[in-house]
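Residue numbers (this note's numbering), protein chains in the order written: chain A, 1 to 238; chain B, 1 to 187.
To be clear, the hints were calculated from the coordinates, so they are not data collected in a lab. All C-beta atoms in this analysis are idealised placements derived from N, C-alpha and C, irrespective of residue type, glycine included. Check the hints yourself; a few may be wrong.
Looking from chain A toward chain B, a few residues come up when the C-beta cut is under 8 Å (computed) [unchecked claim]:
no.	residue
1	T5
2	E9
3	A13
4	C18
5	L19
6	N46
7	L51
8	A54
9	P60
10	A62
11	L64
12	R67
13	T183
14	S184
15	P203
16	S222
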Amino acid sequence: MTDDTHVLELLPAYALDCLEEAEARLVAEHLRGCLICRDELKAFQNVASGLALAVPQAQPSADLRLRLMERIRDMGSATSQPARRPFLQRLVPVAGIVGLLLIIGLAVSNIRLWQQLVHLDVLAGPLGMRAIALQNTEAAPDASGIVVIGADGMNGVLVVDHLPPLDSGREYQLWLVRDGDRTSSAVFSVNESGYRGVRIEAPETLLVFSEVEVTIEPAGGSAAPTGEQVLAGSLFNR
Amino acid sequence: MRDLIPDDAALLTLIAQAQTSAFNQLYDRYNRLVFSIAISMLGDRAVAEEATLDVFVQVWRRAGTYRADQGKVSTWLVAITRHHVIDILRWQKARPESHGLGWDEATLQDGLVTRAAEENAELSLQRERVREALSHLPSDQSEVLMLAYFKGHSHSQIAEVLAQPLGTIKTRIRLGMQKLRQLLEEE
Numbered sequence: 001m002t003d004d005t006h007v008l009e010l011l012p013a014y015a016l017d018c019l020e021e022a023e024a025r026l027v028a029e030h031l032r033g034c035l036i037c038r039d040e041l042k043a044f045q046n047v048a049s050g051l052a053l054a055v056p057q058a059q060p061s062a063d064l065r066l067r068l069m070e071r072i073r074d075m076g077s078a079t080s081q082p083a084r085r086p087f088l089q090r091l092v093p094v095a096g097i098v099g100l101l102l103i104i105g106l107a108v109s110n111i112r113l114w115q116q117l118v119h120l121d122v123l124a125g126p127l128g129m130r131a132i133a134l135q136n137t138e139a140a141p142d143a144s145g146i147v148v149i150g151a152d153g154m155n156g157v158l159v160v161d162h163l164p165p166l167d168s169g170r171e172y173q174l175w176l177v178r179d180g181d182r183t184s185s186a187v188f189s190v191n192e193s194g195y196r197g198v199r200i201e202a203p204e205t206l207l208v209f210s211e212v213e214v215t216i217e218p219a220g221g222s223a224a225p226t227g228e229q230v231l232a233g234s235l236f237n238r
Numbered sequence: 001m002r003d004l005i006p007d008d009a010a011l012l013t014l015i016a017q018a019q020t021s022a023f024n025q026l027y028d029r030y031n032r033l034v035f036s037i038a039i040s041m042l043g044d045r046a047v048a049e050e051a052t053l054d055v056f057v058q059v060w061r062r063a064g065t066y067r068a069d070q071g072k073v074s075t076w077l078v079a080i081t082r083h084h085v086i087d088i089l090r091w092q093k094a095r096p097e098s099h100g101l102g103w104d105e106a107t108l109q110d111g112l113v114t115r116a117a118e119e120n121a122e123l124s125l126q127r128e129r130v131r132e133a134l135s136h137l138p139s140d141q142s143e144v145l146m147l148a149y150f151k152g153h154s155h156s157q158i159a160e161v162l163a164q165p166l167g168t169i170k171t172r173i174r175l176g177m178q179k180l181r182q183l184l185e186e187e
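Construct the complete structure from the given sequences, taking the supplied hints into account.
Have a look at this one:
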């Protein structure tokens, strides 16, 4: 079935995540409003996931389960976020020294710091921390976000608020940008209030990346940005 | 009376409530699938095991975000695995063409292939169906699907690797996926 108003011919490749970025964005944009193509895509996504079953079967080490459970125990409880907390607690990232330093920094600062942050692009904090306020887009005009990076760039957190909760089948994805290349850092959803704190995962120090972006992607994330951008910011002073 | 084995979606609901027994059950069902995908794409056992750990940690963290109307839990898991491994490949800035395992390899390094008695029967059946369907694809179509799916290559990257025109690659991917879908839906 071929129709100029649909993107049916691109869906098989979209299901495989092998479209070029521009084409992928076109398809993502179209899918938001087209049930026919969304149903077709689901069928091709099932085919794509079936490919995974064709690989030779392999068995991980017996101790992998133990290592996994140790890691889970170290993480602590995985229960969902509370709906609303006082703003200092709402800025607590999911883990790490950065969160502690942020709390310390904010505790000695003016309580209106949060309001100030949305008007400042970059704020220097205690112990060399940097806090960068992200800019929202028309896709999420009420959203706000902040990236906090430790002095050596080895730890970072993203905290977002008032991002629209997404329907089933879509999640937010955080990208780190360097020389035009985008590296996925986190895939996440938000609570009813649009709030979430996530740890920024990166293969190396965050100081080598120039920008961050948050986009809307299919559930599970994408290999490259395909959906609308909702938040973005430069990681360095202009 | 023994109809008490929770399905995958029910397990995720329990995992979202931090039920480690449910998490262990889900791990039992899918650790081989996740690891098999990881090692096929990465070609390195140690890195594949770390990737497997990362995937299940993501499952633990994100179990509450799964919705049944998104698709099967196995589809969700496979998507998380594949995207995570593609990220690892990008971090490594390497494409281990010579290390990855292909679909056609019936013989593998000792110790890798296993027939686990407790393997999910449904998964086993699906696997046979997919392999049967793949065997009916022309080799040039299965080749590009492998590069797209397991190496995370884009159209243009595949065209470069195979030294083929971009349009040819696009057509092969489209036809290959359409043929696979047709074969799998005929079952």
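Results of checking the hints against the structure:
1. Because the beta carbon of T5 of chain A sits about 18 Å from the nearest beta carbon in chain B, more than 8 Å, this interface hint is broken.
2. Taking 8 Å as the C-beta cut-off, the interface hint given for E9 of chain A holds, the closest approach to chain B being about 6 Å.
3. This hint holds: A13 of chain A has a C-beta 5 Å from the nearest C-beta of chain B, less than the 8 Å allowed.
4. For C18 of chain A, the suggested interface contact is upheld, since its CB lies about 4 Å from the closest CB of chain B, less than 8 Å.
5. At a threshold of 8 Å, the smallest CB-CB gap from L19 of chain A to chain B is about 7 Å, leaving the interface hint in force.
6. Evaluation of the N46 of chain A hint against chain B yields a held restraint, the C-beta minimum of about 7 Å falling below 8 Å.
7. For L51 of chain A, the interface hint holds, since its Cβ comes within 8 Å of a Cβ in chain B; the closest pair sits about 5 Å apart.
8. Because the beta carbon of A54 of chain A sits about 5 Å from the nearest beta carbon in chain B, less than 8 Å, this interface hint is met.
9. Interface hint at P60 of chain A: satisfied, since its Cβ lies 4 Å from the closest Cβ of chain B, which is below the 8 Å cut-off.
10. Interface restraint check for A62 of chain A: the shortest CB-CB distance to chain B comes to about 11 Å, outside 8 Å, so the restraint is violated.
11. For L64 of chain A, the interface hint holds, the least distance from its beta-carbon to any beta-carbon of chain B being 6 Å, beneath 8 Å.
12. Given hint, R67 of chain A at the interface with chain B, holds; its Cβ is 6 Å from that chain's nearest Cβ, closer than 8 Å.
13. For the restraint placing T183 of chain A at the interface with chain B, the shortest Cβ-Cβ distance is roughly 6 Å, inside the 8 Å limit, so the hint holds.
14. Checking S184 of chain A against chain B by beta carbon gives a least distance of about 5 Å; that is within 8 Å, so the hint holds.
15. Evaluation of the P203 of chain A hint against chain B yields a held restraint, the C-beta minimum of about 4 Å falling below 8 Å.
16. Taking 8 Å as the C-beta contact cut-off toward chain B, the hint placing S222 of chain A at the interface holds, the least distance being around 7 Å.
Hint compliance for this structure: hints 1, 10 are broken, all remaining hints hold.
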